[in-house]
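J.: Read off the chains here:
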Amino acid sequence: MVSLSPKKLPQPMPVPEPAERGQSLWSDAWRRLRKNHLAVAGGIFVVTLFLLCFIGPFFSQRYEVQNLDLGASPPSDAHWLGTDTLGRDLLARLLYGGQISLSVGLIATVVALAIGVTYGAMAGFSGGKTDIVMMRIVDIMYALPFTIFVILLMVFFGRNIFLLFFAIGAVEWLTMARIVRGQVLSVKRMEFIEAARTLGFGRCRIIFRHIIPNILGPVIVYTTLTIPSVMLLEAFLSFLGLGVQPPMSSLGVLIKNGADSMEEYWWLLVFPGAIFSLTLFSLNFLGDGLRDALDVRTSKD
Amino acid sequence: MFRFIGRRFLQTIPVMLIIITGTFFMQRFVPGGPFTAEKAVTPEVLHNLEAYYHLNDPLWKQYMDYVWDLCPKRFHPLALVNGLDFKAAFGIDFRPSFKYPNRTVNEIIADKLPVSLELGGWSLLVALGLGLPLGILAAVKRNTWIDYLCSSFAMTGICIPNFVLGPLLVLAFAIHTGWFEASGWYSPIDRVLPCLTLGSFYAGYIARLTRGGMIEVLHQDFIRTARAKGASEARIIFHHALRAGLLPVVSFLGPAAAGILTGSFVIETIFQIPGLGREFVNSALNRDYTMVLGTVILYAGLIVTLNLVVDVVQVWLNPRLKFE
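Chains as they are written, first to last, in the working numbering: chain H, 5 to 305; chain P, 320 to 643.
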């Protein structure tokens, strides 16, 4: 360290070695998560799928190349998962569709996260009347049949993929806001917040620098659980023909196409359905594992 | 208690108003209308149509008129029994449909809603009938193979979405084995596949909630007291623990009912069921203003009412929550 003052500073006392090395919340949680095999398997599957979907298309066949002479063909050496009715390679379409589905899942979750965390933190931190009014608004919005509104939005405003992100994100932030508010309420009475306030820090700084890092645990858990429900909503819309539009495809679109032609071509339904279900499985197990790992209440074992 | 119900009921009024207003104006501010995509209509016909549906009035007047038509003006709930006639029962008039000019939305709803309600009702029964026993079993036999079996069954139900499960069930049990019809809604046996498909997610979720709730309750002191007093295991589970253990399930029933109602959109499409869900999606695509509004309001009303019921049941089950 460079000392700015010309005077010689007193040497710092040597820090005694701690008798027992304490473990931070995060390393503790990581240790517990690793013991949960299902969660680890889920995590590995998600990461693998992610890499495959975003890197795989560079190596696989083009997803939009049609081969009408071939038509729908069952899995073979040339096309590992078969081809669809237009002779397009199903594996390539799956990878590309997975890319869209995962992106929708991630981006819409980030939208929900941003709105939910900011709103919840504001409400919890302000307290009093502001809090009551803000949470009452959330209560009212909870009662709205949002899936119906998303359907209406998609029908009326064209099936634009950016609108899809926004619409889904706007639906999913409510629970996040509630969770964050509850956490903020419990954290904001603690001494270090008092100390930050005494030091004269502004509201924003206290909320974003001091409170939010301390409530990250539940937020991360809930985020992991939001991604599958977002992906589910996207696939639901795509299945109704209201989500991602051709020539783009998502897993929901592929499942829809597969369901339409499953009587003759089972592989068109089974592979997309299996990949989608496995993704939901993995994300749910990962989320559950994270919750168990980060939940301080059950961490006594 | 009546004050609690009354206050909760008053809270639903702004919710319904927001829904009506939002849907009404959202429809009107988007390009295109019910008559644009149709086969070309002459200007005179168009003018007459617009006059018939009062589309030439100022928007605020159309809105006020519509809201007035929706206001309940009488209260004869018994009239609902024969034919779901909302006009006879409450004086709620959803107006004529744009797409089928000689039918009113009330008639279409009376025609299609029973099908959707039947689908939803059976699915909810499937969900409770499978989910509760599985969850209780898993909690009682915690960390044994029975628990793992039940829990993985529940997780499977949660993670296989209904639009995957439905076609797969059709493929396996209708096309390959021929036990059921692939689509249609005629005989009682046609109910099996759609209701299983729709109910499976909620069965899984309810099983998980029940397991969690029961495990938490079974750890509490009053259960130990009951055990110490020599109560039988069955009595402990069903008499002492179940009431508190079911609380998470009860509070989930509101969202579950809403989810089952909207989930039926997909199920009705897969199994070609002539229900209100499919009608709603089609009417949105056709810009059938009154039909969209009518179905949205109906669904919202159902969901809001169910949430109200769930709140009351929740407080009734849990004496610690007072009717405040």
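Any given hint might turn out to be false.
To be verified - Among chain H residues calculated to face chain P with C-beta under 10 Å, some are:
#: 1; residue: Asp-135
#: 2; residue: Met-139
#: 3; residue: Val-142
#: 4; residue: Phe-161
#: 5; residue: Phe-212
#: 6; residue: Ile-216
#: 7; residue: Pro-217
#: 8; residue: Ala-239
#: 9; residue: Phe-240
#: 10; residue: Met-266
#: 11; residue: Glu-267
#: 12; residue: Ala-278
#: 13; residue: Asn-288
FYI, nobody ran anything at the bench for these hints, they're computed from the structure.
Quick reminder that beta carbons are idealized off the backbone N, C-alpha and C, glycines included.
J.: Does each hint hold? Answer for all of them.
T.: Evaluated hints:
The beta carbon of Asp-135 (chain H) comes no nearer than 18 Å to any beta carbon in chain P, farther than 10 Å, and the hint placing it at the interface is violated. A least Cβ separation of about 13 Å between Met-139 (chain H) and chain P goes past the 10 Å threshold, and the interface hint is therefore violated. Given the 10 Å rule on beta carbons, the hint for Val-142 (chain H) is violated: about 12 Å separates it from the nearest Cβ of chain P. A hinted interface residue such as Phe-161 (chain H) counts as satisfied when its beta carbon comes closer than 10 Å to some beta carbon of chain P; here the least separation is about 6 Å, so the hint holds.
Taken as an interface hint, Phe-212 (chain H) does not check out: its beta carbon lies about 31 Å from the nearest beta carbon of chain P, beyond 10 Å. Of the supplied interface hints, the one on Ile-216 (chain H) is violated, with its beta-carbon coming no nearer than about 27 Å to a beta-carbon of chain P, more than 10 Å. Taking 10 Å as the C-beta cut-off, the interface hint given for Pro-217 (chain H) is violated, the closest approach to chain P being about 29 Å. Because the beta carbon of Ala-239 (chain H) sits about 6 Å from the nearest beta carbon in chain P, less than 10 Å, this interface hint is met.
Because the smallest distance between the Cβ of Phe-240 (chain H) and any Cβ of chain P comes to about 6 Å, under 10 Å, the interface hint for this residue holds. A cut of 10 Å between beta carbons decides the hint on Met-266 (chain H): the least distance to chain P is about 5 Å, and the hint holds. Contact between Glu-267 (chain H) and chain P, as hinted, is supported at the beta carbon level, the nearest pair being about 6 Å apart and thus within 10 Å. Because the beta carbon of Ala-278 (chain H) sits about 8 Å from the nearest beta carbon in chain P, less than 10 Å, this interface hint is met.
This hint holds: Asn-288 (chain H) has a C-beta 6 Å from the nearest C-beta of chain P, less than the 10 Å allowed.
Checked against the numbered hints listed earlier, the structure breaks hints 1, 2, 3, 5, 6, 7; every other hint is satisfied.
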